[in-house]
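Participant: What follows is the residue order along each chain.
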Amino acid sequence: MSSDEDNVLVVAGVRKEFGGLIAVSDVDFAVPRGKVVSLIGPNGAGKTTFFNMLTGVYKPTGGTITFLGEDVTGKPPHAITQRGIGRTFQNIRLFQNMTSIENVLVGMHSRLHANLFNSILRTPGVKREEREAREKARELLHFAGLNRHENSTARNLPYGDQRRLEVARALATEPTLLLLDEPTAGMNPQESADFTTFVGRLREEEKLTVLMIEHDMRVVMGISDRVSVLDYGQKIAEGTPKEVQKNERVIEAYLGKAAVEDMKRQGLS
Amino acid sequence: MDAGGAIEQVGFRNQLRARWNALPQEQRWTATILIQLLVAVGLWFLDHALAEGFLLICAVIWLRKLPPLPWRLAGQAALVVLLAIFAATGNALWSVPIVFALGFAAFWIPTKQRRWALPAIGLAVAILYPFFEEKLFTMPVFGVFPDVYTGVYMVVFVMMAVGLNIVVGYAGLLDLGYVAFYATGAYTAAWFASEQFPHTRFDLWDIGVIPKDLPGVHVSLWLLLILAGVITAGFGVIIGLPTLRLRGDYLAIVTLGFGEILPQIARNGDSLFGFNLTNGPNGITPLDSPGWGNTLSNATGGFLPANYLTCCKRVLLGHQIQSADVFFWTALVLLIFTVFCSLRLRDSRLGRAWVAIREDETAAGAMGIPLMRTKTWAYATGAFFGGVAGAYYASFKSATFPGDFFFNISVFILCMVILGGMGNVWGVIVGASFLAYLNQEGLANTGAWINSNIHIGSHHPNLDVPLYSSGIYGLIIVIVMLLRPEGLIPSKRVAAELHEGVHDEPAYDIAHGAHDV
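Residue numbers (our numbering), protein chains in the order written: chain A, 1 to 269; chain B, 270 to 786.
Extracted from the complex, chain A is given alone in its bound form (with noise of 0.2 Å):
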């Protein structure tokens, strides 16, 4: 593993119980600057609950939780954002009535500075800044793919360009680190592939660190460094792709005892 500096975020020990469940057990985790990580498991593992802590949502049981060197555990989203984790939703959660553009500037809400006072007067430095975020807000929305969309309402927007434009929502928190929550999920190979285009060009063009939920494993092994597998709110494997793939306890998790009794029986592990 890779020196604290080279992470941008930094999990230790975090768990989370609802009662008598425990959704996810004092996981350790890690994610390396400038690297696409991935989160797999079967449904239920814990993925979801796991990045609700991360963004804040969810307040921890135990473990601490730290980006760029603060802890961060527990404390409320809004204050997360700022500090630079933007993330999207497993299912897509736009503002449906705002049109793109708008969405897209409730996204850099934490990066303007208007008040309520000189919002009211709009003095020339609240115009000045409100015309600058439009700008980059239609800078975003081409990056997207999004630009001939840019006062559509979001709910009338296809289903890739929602997926899309939570992205570019998230984008414009100005994050370090993305977290991207099943962001292929209900669309179609094409779509999963430019997606995945995507992703690749936000980590070479924006320098970003993506963290993401995923199930299609063709995505997964087509952009990630890393996989972390979760099983039962337990990491239970950890690696590039190609270790992932060949790791028992992850076929296990996925597949069955059986399956894997199967495999090594035919000599494929």
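No lab work stands behind these hints, which were simulated from the structure alone. A couple of the hints might just be wrong.
[Unchecked claim] Below are the DSBU-like pairs computed for lysine-lysine, each with C-alpha atoms no more than 35 Å apart in a straight line: (1) A:K75 to A:K59; (2) A:K59 to A:K242; (3) B:K666 to B:K404; (4) B:K582 to B:K404; (5) B:K761 to A:K136; (6) A:K207 to A:K242; (7) A:K136 to B:K381; (8) A:K127 to B:K761; (9) A:K75 to A:K35; (10) A:K242 to A:K35; (11) A:K127 to B:K381; (12) B:K404 to B:K334.
[What the hints assert, rightly or not] To list a few chain B residues with every Cβ distance to chain A over 12 Å, as calculated: (13) W385; (14) A668; (15) I725; (16) G743.
We put the CB at the ideal spot given by N, CA and C, even for glycine.
Given the coordinates of chain A, assemble chain B onto it according to the supplied hints.
Facilitator: Okay, now just chain B, sitting in the frame of chain A:
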């Protein structure tokens, strides 16, 4: 026309509509005209003026169906000329053709210019209202147009509705205790501009308005408006901090509670630890009249009156300017300020954040919007305008009583927002003016009309219609909710939300978010 046969229509109303639409246009139109004539004949027996008014409205609607040039223009011109002839021969007031001509003219404004032209016309009409109010015709059923005194009441309530619209319409926080802010403003004005505290003697900038040796605190109303706004906004923050963590129904219940606590304090505050704070059920009265003092009045050539109550001796455009007129214009200035702030905020960073919170709190939080702080700003801003309106109204009435601040007023203001169209300032203004008018004059006039025109033989119903006001407002809201839930002049976004729904799941793990594991 062929859609009726293609899709099987469910429900009696839809079937009826489908059959109606299947008829050829000429038949439909003939039938409509016949029905309208029949209704007019029926109304004629009830009240001649009502039948005439009905026919006029029908004519206006039919004219809208004509091609604009030249036929609609010609028809409208003909109608105005006809009404002018009536006026010239003494069968109608001149105000009738003038109102119709202006109304028609407003519809000829190109759509692009309407956005600013209609508010500008509305404002001009409002400013000039005291000059032509007495010359206006009498409406059927609703009776005479509201007098200027009612006008002040209307403007003050419009102001409160626009303030509440920031909380309910923009940020989507259901506030059932808005009256608390109104009360805070009113009592602030009452404390600092009356003889409520006779053992103190304090004077600030109210020169020439009250005699020099009066006991009590006397601060100029203009300062008090700001002070009331600030105090009320602070009060809004105090109420907001514990309550705004809640959502939806829970928030509504807590605000309802606060809305009840305040008038109770006002009612029982005549001996708080032996101190007479609010004078109890007797209220605080009289309040100092607002004014600009003799120096300013003379310096502006009497444009700013020295004292609103004893104002004015001037005659302008053949109209003797009265105290109520000055109160009315001042209220308009306050309303313009409120609307201006409201519109500026809507299009600002904060306004976007409010809408985002209304649509999806969780996503808004994840986008870096501090939920508590942003909601509290909405609450404080709404409270500010409620406080200013309350202070001004108390000063206008020269009194404040705890009975003015009960729950029904909160609901009344909320009704204005819902009826007009949540989130749309112009809609709220229309809805609030209408309901405030109904409350102050409209219902009484309607009652009088019913009692004199609807009778069997010599048996008159003798209804006291204003007694049923709450029921009538309730009915209006039910009808609006059934037929047009987004209000009369809706904001596009709210209309879409009401028809398509929004995300609204809890953001923090107050409950066990087991579904998200």
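Participant: None of the hints should be skipped; say for each whether it holds.
Facilitator: Cross-check of the supplied hints:
no.: 1; hint: A:K75 to A:K59; result: holds, 8 Å
no.: 2; hint: A:K59 to A:K242; result: holds, 34 Å
no.: 3; hint: B:K666 to B:K404; result: holds, 26 Å
no.: 4; hint: B:K582 to B:K404; result: holds, 21 Å
no.: 5; hint: B:K761 to A:K136; result: holds, 26 Å
no.: 6; hint: A:K207 to A:K242; result: holds, 24 Å
no.: 7; hint: A:K136 to B:K381; result: holds, 28 Å
no.: 8; hint: A:K127 to B:K761; result: holds, 25 Å
no.: 9; hint: A:K75 to A:K35; result: holds, 25 Å
no.: 10; hint: A:K242 to A:K35; result: holds, 16 Å
no.: 11; hint: A:K127 to B:K381; result: holds, 24 Å
no.: 12; hint: B:K404 to B:K334; result: holds, 32 Å
no.: 13; hint: W385; result: holds, 16 Å
no.: 14; hint: A668; result: holds, 32 Å
no.: 15; hint: I725; result: holds, 52 Å
no.: 16; hint: G743; result: holds, 29 Å
Figure legend: structure checked against the earlier numbered hints; every hint is met.
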